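With the hints as a guide, dock the two chains, each given alone in a separate frame, to form the complex.
Here is what each chain is made of, one letter per residue.
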Amino acid sequence: MKKNHSNHGAHSVSRRNVLKFGVASGAMASVGSLGLGSIFCPAAQAAPALPHEDFLTSVCANNCGSTCILRPVVQEGRVMRVDTDNSVEDNWQEGIFQVRACPRGRSMRRHMYAPNRLQYPLKRTGERGSGKFERISWEEALGTIAGKLVECKTKYGNESICSLYASGVQVGALMRRESFYRLMNLMGGFALGTSDYSSAQNQYGMKYLYGQSGYSGNPTSDIAHTKLAVFFGLNITETRMSGGGLQYEVLEAKRKGNTRVIVIDPRYTDTCITIADEWIPIRPGTDAALASALAYVLITENMVDNDFVRTHVQGFDASSMPEGFAPNLSYKDYILGTGEDATPKTPQWAAALTGIPATRIIQLAREIGGAKPCYITQGWGLQRQAAGEMNTMAVAALAALTGNVGLRGGNNGDLDGYSPGVSPRLPAGTNPVKARFPTFLWLRAVERGTEMTALRDGIQGADRFPANIKFIWNYAGNCLVNQHSDINETRRVLSDTSKCEMIVVMDTHMTASAQWADIVLPSASYLEQPDIVGPSYAMNTDWLAFTTPVKPFFESRPVYDVCVDLAKRLGIEKEFTEGRSREDWLEYLYETNCRKNMPTLPETLAEARKVGLFMRAKNRDALPVRFADFRNDPVANPLKTPSGKIELFSPALHTIGKTWELEPVLGNRIPPSPQYVATWEGFEDKEGKAKFPLQMITSHYKGRTHSHYASVDWLLEVMPQVLWMNPLDAQKRGIEHNEIVRVFNGRGEVRIAVKVTPRIMPGVVTMPQGAWYKPDANGVDHGGCANTLTLYRPSPLAKGNPQHTNLVEVSKL
Amino acid sequence: MKKSYAFYMDASRCMGCKACVIACKDGHDLPLGLNWRRVPECTGGAWAEHADGTYTQNVFSYYLSVACNHCESPVCVKACPTGAMHKTEDGIVQVDATRCVGCNNCAWNCPYSAPQLDKSKKHMTKCNFCRERLEVGQKPLCVAACPARALDFGPREELIAKYGRANIAPLPPASMTEPNLAVVAHKDAQPANTRKPFLANKEELS
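First to last, the protein sequences are chains X and D. Per the working numbering, the very first residue in the first sequence carries number 1; after that it's consecutive. Per the working numbering, the very first residue in the second sequence carries number 1; after that it's consecutive.
For the record, the hints were derived by calculation from the structure and aren't laboratory data. These numbers come from a predicted model, not from an experiment. Think of the CB as a built atom: it goes at the ideal place given N, C-alpha and C, for glycine as much as any other residue. Among these hints, one or two may not hold up.
Which residues of chain X face chain D? A few of them, derived with a C-beta cut under 10 angstroms, are [as the list claims (entries may be wrong)]:
| id | residue |
| --- | --- |
| 1 | V73 |
| 2 | R109 |
| 3 | R110 |
| 4 | Y156 |
| 5 | G243 |
| 6 | Y268 |
| 7 | I275 |
| 8 | A358 |
| 9 | R360 |
| 10 | W660 |
| 11 | P727 |
| 12 | S811 |
In silico EDC-like pairs for lysine to aspartate or glutamate, Cα to Cα no more than 20 angstroms straight-line [to be verified]:
| id | chain 1 | residue 1 | chain 2 | residue 2 |
| --- | --- | --- | --- | --- |
| 13 | D | K187 | X | D277 |
| 14 | D | K119 | X | E278 |
| 15 | X | K254 | D | E49 |
| 16 | X | K689 | D | D188 |
| 17 | X | K686 | D | E158 |
| 18 | D | K139 | X | E89 |
| 19 | D | K139 | X | E736 |
| 20 | X | K689 | D | D52 |
| 21 | D | K196 | X | E736 |
| 22 | D | K202 | X | D496 |
| 23 | X | K732 | D | E49 |
| 24 | D | K187 | X | E447 |
| 25 | D | K202 | X | E739 |
| 26 | D | K139 | X | E53 |
Isolated chain D (complex conformation) (with noise of 0.2 angstroms):
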């Protein structure tokens, strides 16, 4: 069994600066529409104002930085009709471009909506972990990238072993997918499960 791993990212250092979103588009020169890591917003809270002219307010906000979980139970294969869409022996969700159709139907099936099709290319594409820079003991762009040092990665065991693994809103349970993606919650953080609206730039993560 070949060294696995699981991205790591301290939402409490996260300040959705989106250095990893570009670093990763210009370094896999993703065209337009199409970005493999995405920061949502979550963003709650509301306002109370007051007879004297002031308010009170317990507004909250943080971000994550999520790309592809390379999850242990990857709906997008199950979704796959060719097969295209596999697991490695290393742990990282890929796709064979050769046996792919770009039906979509792993997007859809994801709960991260993970995979994007490229259209000129017709497949589906998707962060790789950036396995060409693993190959030659260096870290994924996006990792490398991170101004505020909240992005990580290493072991998949020893990470989710000592962080578990994401269950925070806007993200979908861990128990779907149970995602490798290995999460130190913002203060403000809230429960994958919760049923109020909390995402905060839906229109930012094409």
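Just chain X, with the same shape it has in the complex (with noise of 0.2 angstroms):
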């Protein structure tokens, strides 16, 4: 036994816990087979740091929807190195293994001691957005903040007071939005968005087709359960590369199965290099174009589940129709070109829209009809476009007509959804204002909130939103500006402090948001305040972690605390902390969630924070298979959409699409089935190609997190922001690679470096988004920051965010 060299360090509990468990180390990475799958044990038998080294327990916990283990080795209260997890041995196939961070946290002592990292409270001196402050003390910060709240609720009623969205913070009990949430429920109420700038498009549209908003697929280890496994833009081994999470799940499965996997992406992604065994290039906005096209060849060379069609599916044809609608308005006459627009979409037609050869499209239908099971998933990048609903809609169906929903192995067309674990969160209450407005679209809420309605706004809960926004407060997030489409617009409407009067941003580092705060607070880090942490809602390990902190940097502070104090000035201390403190939530959280869960944790958390993490084993081959039920018995078990089956006709979006109020723009249109529309900036926008001919997505990167991370400078040595762009189309331009060029369309223009690579298709360009915006004083952006370029205009139905439908030319300087 080495010496007890840490009060945290899992050399020194190992041993007692192990043995209390019940469980020997050597046997830890088969607890499966031993039939201890469910049970939490800890997960501390090896140690990362060296004999002489300190380590704690913490995490990364940013929006990739992984969350990783971080064990950072410490020294009076600081961090030296940060390690990873190495507590278990890998057993994918029990359902337990190391969750290994990617870069990004690995990067963490870089990002924490950063020179841009925020040390005190600010306050704006000069214009809004000129990133001119001063230091103030938490006093005046809080008090100006306490004072402008009762202002805006006395003035202009709570609807007035956003809590903006952001991912900042995904996971924890008390570092998460909640804390605010909490505050102001007690406060009487606050706007809140509605869904969010991930999955709007798809969540909306999975709603429609299949009764259930979004996040609804089989898990990924299902692909080792077929021959085949189609993947419609899913990039997981760069958004989620977490080493206990779903690119190595995907790894493991495709192994497993022998699995022939195909990828449809405009990019080359890295999910192409380990798991594709083939690319299929397409052109952004598409894909309900190759949907389509691949349901034509399934109808017509009768590769249709027809007794799974006839049970389960609404309007897939004239007999399945409900009443009082044209027969032809069925998706099958849509297909065969009976419907409304008579037009086949046959391969050939989608063939010049997706830039994807008739052949290839025909023999892609054939292998996804001859293979039963046959799992067929997507991404979140084919429905962040003007259409996406569509896009969603479109791929999902071809689950639907092949019959694959609710088989093992098989799949509904929808992205893995399965959460791993429970963990605590402080409880937010309820919030008393009912009216919600879809997220993206809150600088409308700040301009125009009371004109906003119900048909033309998406407005939920109201048929018109009752304030404009005044008070913004936006902890932890990047969508105040970065992140948010059209910057320069977004500048417009911020830069009037008589719309939006007080914007706070708390955060960790002086983000391209920070910069238009008017009052800016330093927020602690992940590795700075003590919680406690499950997975996030993308992983496939299930574990708690015990967080024990180090020393906050200089005067930054927990959220929590913060909200306090708040709260304090706001005269509901008592109610917001239930006379409780800090430790005394965590206390009751573990209690009253964690051990009630798990009942085979240590008594106290005190103890639980001296193992750190617990795992159990979680083989997701156990869980039941979406949709399954409803195969068996569609009567019996209903969908949740009106008819109770999967509706390729619905009559609702019938509705909505003749009576919502929708700009009058190409493609700004909500069919009521499964249709490929085209959209302004994308393909088939003529107008707009004439002078912006290229299409430009805005792809995920590893590099960073959305825009979290991106100031590392040792992951941008590595992993620097460039423009990919075909060779096809530099050489068009004289553009060499490695060159700055200008992207730029009627919005704004980014000076970046470019990457030729044969790795994009021609006539597309991706700006990964979440580079940060550095604008000059001609607006002209340096910091390669794709929002510079994006259009504000919501898509048609979930009114979400079409960050991947734009058109820009590159030019040389």
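See the structure below:
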């Protein structure tokens, strides 16, 4: 036994706890086979640190959908380096393996102690957005904020106070957004958007097709149980590259099943490198065209699962159309050209749109139709489009046609929707404000909130939004500026301080959003506050971490503590804290949530902290197959759609399509069935392309999670922000690899280095989203921020962010 | 003779995430502009545009993760004028900082550019196989970091006998230095002696 060099060190406690929980350290890897898989076990058998080092347990809690274990090696309250999980032997088959952090989490030390880390509260001294601030005390900052909250509540109503969508802290009991929600709920409520920037169009599309708002697919582990998997735009290898997450699972599952994987994407992504057997490049925004042509071949070559469709699907053909609608409004009529548009969706028709040769489309349809089961799935890139709802529905419709819904090894065409575990959160209470706007339309709510209606702007809970946004609280997020479409439009609205009267940004770093704050509050980082953390929404390992902090950076503070201080000033401290200290809350949540769900945990939080990390095996093959009950008996187990069936024709959408007020631009319509819609700034926007001929997508980039970690120089050095361009397009413009180019359209201009690579299809460029906006005096961005070029126009149904639908031109300087 | 090791990398699993690079940088506290482990991207293939607006292509891409390969015939050692660069009894090629004059000769000769000058320390630095971790029975930082489980290490003779030495573009032919790097080739791997310019991320390899 090594010396007890740390009060949190695993060496000192592992053996004792191992005995206590009756699991020998060597047996950790095979707990599943021992039938102990459902028990939480201390996962501290191995230690990453060297014998003379002290280390703590912590996490990276950002919004990639994973959460990774970090083991900061510490000295005098400071992080000296960061290790990751190595506490169990990898055993993917049994559902237990190391939650190894990706390079983003591994760069945490550099991130935490960066020159742009916020040290003190700041107040704006120049014009809003000027980036001019002076240091103030916490006392002054919180006094100003509390005063303005009361003023806005009194003058404009609670609906004028908005907590902006933000996901910089995605897990944790106390460090997430709930602290402010709780505060505002106790104060009478606040404005909060519906849905998010991640998958709004997918959520809405799936709701009408399957009666479930996204996250409805089988686990990706099902790839092991099929011979063919088709990924429409799914790129887990760059978006969820955690060693405890989906990329590792897909890698293993593909090997186990010897499964052929086809990736359909405008980019040859890193998923193509390790997962795909074949890459089919496709023009952005045309996935529904491809899906429709695949359906055409499936139908005309008699590969539709007629038995399944007859009993489980509404509106496939005239025979299954609901009463009161013209029979030729059916999906099949749309596909075969006997519907309203009289255009057969032949492979030749789709070839010209997608860029995929007709022969390949026919072959792909035969592959899909000939495999049973077939795992059809999709990422969120194809739904983050102007007609994203249609793309997401059209792809998922293929799973219904081929009868792959509810099968092991099959899928419903949606993304993996299993969350792995349960972890506690501070109770946020109930929001008395019922009117909600779509998250993406928050800026519209600043300028003309009271004009926003249900039919025009997707307001929910009311016919009209009752206020304009006057106060913005933006904690751990960058949607205020960087991540929101059309930065120049955002700047126009925010720079008028008579519209939104106060912007508070609480964050760890001086982000592009923080530059636009009136008051900036320095937040303690993940590693600087004690918490209870479980895996995020897209992981396949189950664990709980009881984190121990290092000393907060300068005057940075945890958001919970800040909200307590605000509650004091607002006279609701007692209600907010319920008499509990921060530590009391954690102990309370430990007892009422953690221990309740997992009785094998130690009796006290203090004991749990000594171990740090607890894991349990989770064999995802043992999870119930999504929609299996529905498949087996659709009458007894109907979907949550109005008909109880999969709705390839939706009367609800038909009504919406006729009644909602939509801006009259190309593609701004809502068909009642999954259809291809040519849109503004899409491949078929001839007028737009005459000036700006390239389609620009804003793919996710492995060097950061959205805009998180975007300023870490270690990461930028090896993963610089660059524009990807095909050699054919570069050649036409005389552009060479690595030169700085102008990327522009009518909305803005970015100067950025170009990566000339065949890994992106001709006619398409990608400027990965999330790089930090760095405008010069002329408004030209030198940070490579894609939202300098995106358009602030919501998708028709979800009112979601179509940030992959852009036309640009690229030229030499 | 002490036990000596080789690195192992399965290029069919490597997704180019660079967790190995950052774990090494953090653990060894390397300055900007200096990374002991690097991830070259090897990309090739071309596009054909057709009259109907469609395309066909034969694009491929793969990554390798490469540090010092602690070669059997380390040309860096031969090139060192002071004897600072040496191969130890356990096979690790390392720099004796007290004898190194930072002349860069080793770096110029190494076909992997593994030795790198630390300008503030004024001597060459390089991967030491995480000797301090090996000595206490732990894995090198890069190996323990790999989220795809593409990197590993093991007994040199066993690994080289099983997998051979890395002989894949954009790396130089193995015959030059006999690297102790065993590679499972990616399905699209190109031979090391190719003359085509497949290295696609030179600017990321500081």
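query = Given the hinted pair K689(X) and D188(D), is their alpha-carbon gap at most 20 angstroms?
reply = This hinted pair is violated, its Cα atoms lying about 36 angstroms apart.
Fill in: Distance restraint between K139(D) and E89(X), which requires alpha-carbon spacing of 20 angstroms or less
Judged against 20 angstroms, a Cα distance of about 13 angstroms means the pair holds.
Next item on the list: For the hint on R109(X), just tell me whether its beta-carbon gets within less than 10 angstroms of chain D.
Entry: holds, 6 angstroms
Assess, step by step, whether the Cα of K732(X) is no farther than 20 angstroms from the Cα of E49(D), and give holds or violated.
-> Answer holds: K732(X) to E49(D) is near 14 angstroms, not above 20 angstroms.
Q) CA of K202(D) to CA of D496(X), is that 20 angstroms or under? A) Violated - the C-alpha atoms of D496(X) and K202(D) are around 45 angstroms apart, more than 20 angstroms.
(message) Quick check on I275(X) please, does its C-beta sit within 10 angstroms of some C-beta on chain D?
(response) holds, 9 angstroms
Query raised in the report: Taking the closest Cβ pair, is V73(X) under 10 angstroms from chain D?
Result: With a closest approach of 9 angstroms, the V73(X) hint holds.
query = Holds or violated: are the alpha carbons of K187(D) and D277(X) at most 20 angstroms from each other?
reply = holds, 9 angstroms
Restraint status (C-alpha distance of K139(D) to E736(X) at most 20 angstroms): Violated, because 42 angstroms separates the two Cα atoms, which is more than 20 angstroms.
### Task
Verify the interface restraint on R110(X): the C-beta must sit less than 10 angstroms from at least one C-beta of chain D.
holds, 7 angstroms
Could you grab the alpha-carbon distance between K254(X) and E49(D) and see if it respects the 20 angstroms cut-off? violated, 32 angstroms
Interface restraint verdict for S811(X) against chain D (beta-carbon cut-off 10 angstroms)
violated, 21 angstroms
This entry does not satisfy hints 4, 10, 12, 14, 15, 16, 17, 19, 22 and 24, going by the numbered hints stated previously.
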